[in-house]
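There are 2 protein chains.
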Amino acid sequence: MTEGAARLRQPSMADVARTAGVSAQTVSRALRGSPNVNPETKRRVLAAVEQVGYRFNSAARALSSGRSHTIGLVLLASGGYYSRSAVTAGVEAAAGEAGYAVNIATIAALDTGLMERALSKLADQGVDGFVIAVPLISVTRKMEEITHDIPTVTLDGSRTADARVLGIDQQEAGRVATQHLLDLGHRQVWHISGPDEWIEARQRRQGWQECLAAAGIEAPPVLEGDWSPDSGHRQGQIIAMIPEVTAVFVASDEMAFGVIRALRERGRSVPEDVSIVSVDDIALAAYCAPPLTTVRQDFYRYGAAAVELLLRGDDAEVDASVATASLSVRASTAAPRSL
Amino acid sequence: MTEGAARLRQPSMADVARTAGVSAQTVSRALRGSPNVNPETKRRVLAAVEQVGYRFNSAARALSSGRSHTIGLVLLASGGYYSRSAVTAGVEAAAGEAGYAVNIATIAALDTGLMERALSKLADQGVDGFVIAVPLISVTRKMEEITHDIPTVTLDGSRTADARVLGIDQQEAGRVATQHLLDLGHRQVWHISGPDEWIEARQRRQGWQECLAAAGIEAPPVLEGDWSPDSGHRQGQIIAMIPEVTAVFVASDEMAFGVIRALRERGRSVPEDVSIVSVDDIALAAYCAPPLTTVRQDFYRYGAAAVELLLRGDDAEVDASVATASLSVRASTAAPRSL
DNA sequence: GTTAGGCATGGCATCGGTAACATACGCTCG
DNA sequence: CGAGCGTATGTTACCGATGCCATGCCTAAC
Numbered sequence: 606m607t608e609g610a611a612r613l614r615q616p617s618m619a620d621v622a623r624t625a626g627v628s629a630q631t632v633s634r635a636l637r638g639s640p641n642v643n644p645e646t647k648r649r650v651l652a653a654v655e656q657v658g659y660r661f662n663s664a665a666r667a668l669s670s671g672r673s674h675t676i677g678l679v680l681l682a683s684g685g686y687y688s689r690s691a692v693t694a695g696v697e698a699a700a701g702e703a704g705y706a707v708n709i710a711t712i713a714a715l716d717t718g719l720m721e722r723a724l725s726k727l728a729d730q731g732v733d734g735f736v737i738a739v740p741l742i743s744v745t746r747k748m749e750e751i752t753h754d755i756p757t758v759t760l761d762g763s764r765t766a767d768a769r770v771l772g773i774d775q776q777e778a779g780r781v782a783t784q785h786l787l788d789l790g791h792r793q794v795w796h797i798s799g800p801d802e803w804i805e806a807r808q809r810r811q812g813w814q815e816c817l818a819a820a821g822i823e824a825p826p827v828l829e830g831d832w833s834p835d836s837g838h839r840q841g842q843i844i845a846m847i848p849e850v851t852a853v854f855v856a857s858d859e860m861a862f863g864v865i866r867a868l869r870e871r872g873r874s875v876p877e878d879v880s881i882v883s884v885d886d887i888a889l890a891a892y893c894a895p896p897l898t899t900v901r902q903d904f905y906r907y908g909a910a911a912v913e914l915l916l917r918g919d920d921a922e923v924d925a926s927v928a929t930a931s932l933s934v935r936a937s938t939a940a941p942r943s944l
Numbered sequence: 606m607t608e609g610a611a612r613l614r615q616p617s618m619a620d621v622a623r624t625a626g627v628s629a630q631t632v633s634r635a636l637r638g639s640p641n642v643n644p645e646t647k648r649r650v651l652a653a654v655e656q657v658g659y660r661f662n663s664a665a666r667a668l669s670s671g672r673s674h675t676i677g678l679v680l681l682a683s684g685g686y687y688s689r690s691a692v693t694a695g696v697e698a699a700a701g702e703a704g705y706a707v708n709i710a711t712i713a714a715l716d717t718g719l720m721e722r723a724l725s726k727l728a729d730q731g732v733d734g735f736v737i738a739v740p741l742i743s744v745t746r747k748m749e750e751i752t753h754d755i756p757t758v759t760l761d762g763s764r765t766a767d768a769r770v771l772g773i774d775q776q777e778a779g780r781v782a783t784q785h786l787l788d789l790g791h792r793q794v795w796h797i798s799g800p801d802e803w804i805e806a807r808q809r810r811q812g813w814q815e816c817l818a819a820a821g822i823e824a825p826p827v828l829e830g831d832w833s834p835d836s837g838h839r840q841g842q843i844i845a846m847i848p849e850v851t852a853v854f855v856a857s858d859e860m861a862f863g864v865i866r867a868l869r870e871r872g873r874s875v876p877e878d879v880s881i882v883s884v885d886d887i888a889l890a891a892y893c894a895p896p897l898t899t900v901r902q903d904f905y906r907y908g909a910a911a912v913e914l915l916l917r918g919d920d921a922e923v924d925a926s927v928a929t930a931s932l933s934v935r936a937s938t939a940a941p942r943s944l
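Residue numbers (our numbering), protein chains in the order written: chain A, 606 to 944; chain B, 606 to 944.
Check the hints yourself; a few may be wrong.
Note that identical chains are pooled: a pair holds if it fits in a single copy or bridges any two copies.
As the list claims (entries may be wrong) - Straight-line distance between alpha carbons at most 20 Å, and here's what the computed SDA-like set of lysine to any residue pairs gives: (1) 726 with 746; (2) 647 with 940; (3) 647 with 658; (4) 747 with 660; (5) 726 with 762; (6) 747 with 657; (7) 747 with 659; (8) 647 with 616; (9) 726 with 633; (10) 747 with 722.
Bear in mind the hints are in silico, worked out from the structure with no lab data behind them.
With the sequences and hints as input, model every part of the structure.
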């Protein structure tokens, strides 16, 4: 009577085993590609899997093996839309490649409490590793504990005692951008940086400073934005009031959009009066007016590299491949008028 | 001798129970906020949790309860960086609020095979529900099966037999944008749409058509882009060659950047010669040159609403709140010259 | 011809929670 | 004053895969 009753339960390994005429253990071995399985048996198992519509139960696997095959990704909700998307895609692709799933946690602001909560949440979920794409403004005991227990890679250069750092050379980006302006003949280069909490921002600033120092130029004061176009606009208004400025290195494309708008509103044209270089090379950079000269960042690759570093651990190789900084020269830079 | 040996195992509920002097079951109840627990007992349990450093094991919970408290989010790797980020943040926030984690799967292109694989992967991970932020170009048997077993909400209007649809009124967006141009005195409005696979794109196009029809205007041919600024630029070059065009409704801000660039390259100024309205209101829209008049989309809210619909299921209310379309009027639109 | 060792496979305990049922106690109500 | 019920807690089996050990078989070596 009840033989046609609804299937309430997903088929398990035991069902597959029964159908294939082997033990559950053998099914497990066959599916994981264990070496000591007869090819014929394996074929039968795979056929049975197909037949009963077996779907892997990752919770059971996680419980029994102690590893969840999941990595946790920590992001900041605001700022840098493009970079966030691209990093996420890169992480997910590389993780998927290695059979890992990706769990995300977004923090609304750079706040220690929120950060702790995000890490805790992911740790509770049982992630096998962390990719942290957000600066650790201050590392608490709790964060140390969590990142001590669970392998961690940070993307922006933040450190804990145990976290590994994916070495992206942001200083190089700052140097390349600044040098480009000097090469065009500018005698001074101003800088609108990202928020000081971000090591990325600090490194780009350092690259700029170093480059100026190497050229024997004393660096002007730094203006600080928050990555948003609005903040770029605000700082740009200040820049526009200083007649001697002919070149500005802006720490992100999004801010550069705001800076350029502010300059134009004050009657200073780009690049004729002021040259602008920024960093990121987002999809819209080529469609700014004028098109932005900017240092390309391959966020997708950074994300993927972070996962590789996390899972494989051969840092040296990854570091090298990620460190290159290349400039997309477009129309927001030119030689200064005086030349 | 070995009493100081390393703790290999994370403390479990049993450890908490022992410390608190109760049974494991009581610990479980206390932690989940079951009503029938003595407040004093609960206090003891919480103290014990703190003391032994207990961390919840979600794999065990998932295995035993059959629910993983995880939802799967499907995204497309290319196109619409802003919207992707914002939707993700919204989904994650609403999910976190409800005690759910978020697992992501990114598909590299709109391809049935990739889509199936993404759903399978998330299903294997044991997600309790799906939020699909990508159009289902064609729904296969396998997709039907998976979305039949696991509750699903689609964001762009795609349907399967069982998926629920978050009703975002994209037609309204198209109408509002088009009407704005007509109200300014334009006699004709052209349209650069998104890819035809996206229901979003089709709905915006329909809204545009309807609005024109209501005004007794015969719609001109549609030009189709792929959401990217590059595609906007290509279609914009075509538009620029047609002298009679005075107003264009572009289906996304990112494309609008490209369109405006193309028009200017051909000597047609915006908004004097051609008015442009688009959709999305991304952060950079206000920093386009000229600033974009655009229909705001609250992607964060869409993401959050999708999760609420998924978890709670009271669709009516959610639908209504999400349906509003508001126009951000900036400087890319003006009355036509002839007026 | 016996034994050692490799291979393919099966049996059983286990991971850490939760559902379902059982129990003990105190209180209300007829 | 005992039946009956609600509350707080304990007991037990179980979710589905995997680790470990045991088993049987076959080949190679002495």
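To see whether the hints hold, each was checked on the structure:
1. 726 with 746: within (16 Å within a copy, 35 Å between copies)
2. 647 with 940: neither (68 Å within a copy, 72 Å between copies)
3. 647 with 658: within (16 Å within a copy, 43 Å between copies)
4. 747 with 660: Between copies only: 13 Å across chains, 37 Å inside a chain, cut-off 20 Å.
5. 726 with 762: neither (23 Å within a copy, 32 Å between copies)
6. 747 with 657: Classified as between; 14 Å across copies, 46 Å inside a copy.
7. 747 with 659: between (40 Å within a copy, 13 Å between copies)
8. 647 with 616: within (18 Å within a copy, 38 Å between copies)
9. 726 with 633: between (30 Å within a copy, 18 Å between copies)
10. 747 with 722: Within one copy, since 10 Å is at most 20 Å while 37 Å is not.
The structure fails to meet hints 2, 5 from the earlier list, while all remaining hints are met.
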